[in-house]
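Chemist: Order-wise, the sequence lines are chains A and B. For my numbering, count along the first sequence from 1 and bump the result up by 583. For my numbering, count along the second sequence from 1 and bump the result up by 305.
It is worth saying that the hints were derived from the structure and are not from the lab. Worth double-checking, as some hints may not be accurate.
As the list claims (entries may be wrong) - Some residues of chain A that are not near chain B, with every Cβ distance over 10 Å (derived):
| id | residue |
| --- | --- |
| 1 | Gly659 |
| 2 | Asn664 |
| 3 | Thr670 |
| 4 | Gly672 |
| 5 | Ala719 |
| 6 | Ala721 |
| 7 | Glu737 |
| 8 | Gly753 |
| 9 | Leu831 |
| 10 | Arg855 |
| 11 | Glu856 |
What the hints assert, rightly or not - Simulated coverage check for chain B against chain A, where a stretch passes if three residues somewhere in it have a Cβ under 8 Å from a Cβ of chain A:
| id | region |
| --- | --- |
| 12 | 322-335 |
| 13 | 365-373 |
The beta-carbon is built from N, C-alpha and C at its ideal position, and this holds for glycine as well.
Listed here are the chains, written in short residue letters.
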Amino acid sequence: MEAAGRDHTSRVPAASDASRREIAELRQRARALETEIAQRKELERALREALVREKEARAEAERSVRYNEMFAGMLGHDLRNPLSAITTGANYIARLDPSQKSTKAATRILSSAERMARMIDQLLDFTRIRVGGGLALAPSRLDLDELLYKIKDELEASNPERSIMIEVVGSAVGEWDRDRLLQVFSNLVGNALHHGSEGVPVVIRCDGVAPDRVEVSIHNGGVVPAEVLPVIFEPFRGNTRYQRTRGLGLGLFITQQIVVAHGGTIDVASTRERGTTFHLVLPRGARPMPPAIH
Amino acid sequence: MSPASNTIVVVDDEETICETLKDVLEEEGYAVEIASDGVDALALLRRLTVAPRMVILDLLMPRMDGNTVFSTMKDDPALADIPVVISTSDPSRAPSGVLIMKKPVDLDVLLDTIRKHG
Chain A
584 MEAAGRDHTS RVPAASDASR REIAELRQRA RALETEIAQR KELERALREA LVREKEARAE
644 AERSVRYNEM FAGMLGHDLR NPLSAITTGA NYIARLDPSQ KSTKAATRIL SSAERMARMI
704 DQLLDFTRIR VGGGLALAPS RLDLDELLYK IKDELEASNP ERSIMIEVVG SAVGEWDRDR
764 LLQVFSNLVG NALHHGSEGV PVVIRCDGVA PDRVEVSIHN GGVVPAEVLP VIFEPFRGNT
824 RYQRTRGLGL GLFITQQIVV AHGGTIDVAS TRERGTTFHL VLPRGARPMP PAIH
Chain B
306 MSPASNTIVV VDDEETICET LKDVLEEEGY AVEIASDGVD ALALLRRLTV APRMVILDLL
366 MPRMDGNTVF STMKDDPALA DIPVVISTSD PSRAPSGVLI MKKPVDLDVL LDTIRKHG
């Protein structure tokens with residue numbers, strides 16, 4: 584009996600231990616579940632917050648697009664239209680009597696208004712590139728040769744003391760956006776004249792020997808400062824020493840974007856010994872690359 | 306309406322452009338009528354007893370834009386034959402197959418265009 588009683592007493596604590604262990608395990612699981620539930624709740628909360636933030640960000644992005652459209656509209660119409668009126672008025676005064684002093688003043692107004700119009704065009708292009716999804720191209724059959732000579736004639740007329748030489752080998756025909764390439768080469772050749780030295784001609788070499796592309800280089804005797812070279816295609820470089828023009832510092836950025844939009848490349852090399860050369864490669868193909876998006 | 310008119314209709318919401326073009330064109334011997342938006346332009350064109358020699362038409366204007374004026378004119382047999390020059394700073398917005406004069410208007414180009422196409 585004693586033994587049985589001992590057995591009995593010894594079994595009871597054993598069963599109780601097991602129950603206690605079970606209870607402890609259950610409690611532990613309950614705690615783990617509670618923790619998991621709390622974690623999930625926290626996750627859900629974070630998810631809800633993230634959704635709200637995403638919704639806000641999307642609304643903000645949509646607002647930005649709307650502001651951008653308003654800004655582009657403002658530049659395209661509201662600013663250009665009164666400027667157009669200034670130009671037409673100055674043009675009228677300039678025609679009245681060429682011997683009058685007022686003609687000189689009108690010519691200066693015209694020149695400033697034209698510079699302002701160019702800056703507005705650049706800001707509009709910058710907006711299209713950075714926020715508006717890129718530059719739209721209208722490619723058509725074009726002879727670069729003809730385009731380069733037109734630029735040479737225009738720039739030599741406005742810079743009679745300077746000379747521009749053009750060398751063409753092979754065929755310079757391709758499918759490109761005429762107005763945009765006019766913008767590219769006017770900018771590059773204009774820069775080459777502006778930053779070159781008076782006695783040294785600007786040399787344009789147009790190499791159309793390859794069947795799939797035309798390569799153009801524009802060379803002058805000037806030198807680009809070493810610190811400017813790595814950032815020369817960056818927008819808004821107006822405060823650098825090299826940028827002596829009174830523009831916005833967007834010309835080369837837009838130039839590069841037009842070349843890229845045509846599926847081409849542009850680079851620059853500059854040393855004191857060899858001068859500065861901008862080198863462009865333009866595929867002849869009609870299908871432009873998708874617009875560059877930043 | 307007879308096509309022998311010497312009248313040029315200038316349609317632009319920028320008053321100073323209208324006034325300057327009026328001065329220039331009147332000096333060259335033309336009569337000038339001005340409208341400051343598309344609605345006024347169509348009303349003016351329908352009021353004229355003799356068809357104008359040419360319409361110089363801005364695109365972006367309040368109330369009715371230049372594209373709508375142009376298409377309404379083309380759909381109206383009484384107005385369809387009047388020569389139109391679109392004067393705009395953004396030629397990509399102009400309807401296809403129309404004469405375009407980029408703003409700011411070069412006065413020599415304007416006078417030459419009227420002589421050739423008006």
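Chemist: Confirm or reject each hint.
Modeler: Hints, verified against the model:
no.	hint	in the structure
1	Gly659	violated (6 Å)
2	Asn664	violated (5 Å)
3	Thr670	violated (4 Å)
4	Gly672	violated (5 Å)
5	Ala719	violated (8 Å)
6	Ala721	violated (8 Å)
7	Glu737	holds (15 Å)
8	Gly753	holds (32 Å)
9	Leu831	holds (18 Å)
10	Arg855	holds (42 Å)
11	Glu856	holds (44 Å)
12	322-335	holds (count 5)
13	365-373	violated (count 1)
Violated hints, listed in ascending order, are 1, 2, 3, 4, 5, 6 and 13; each of the other numbered hints is respected by the structure.
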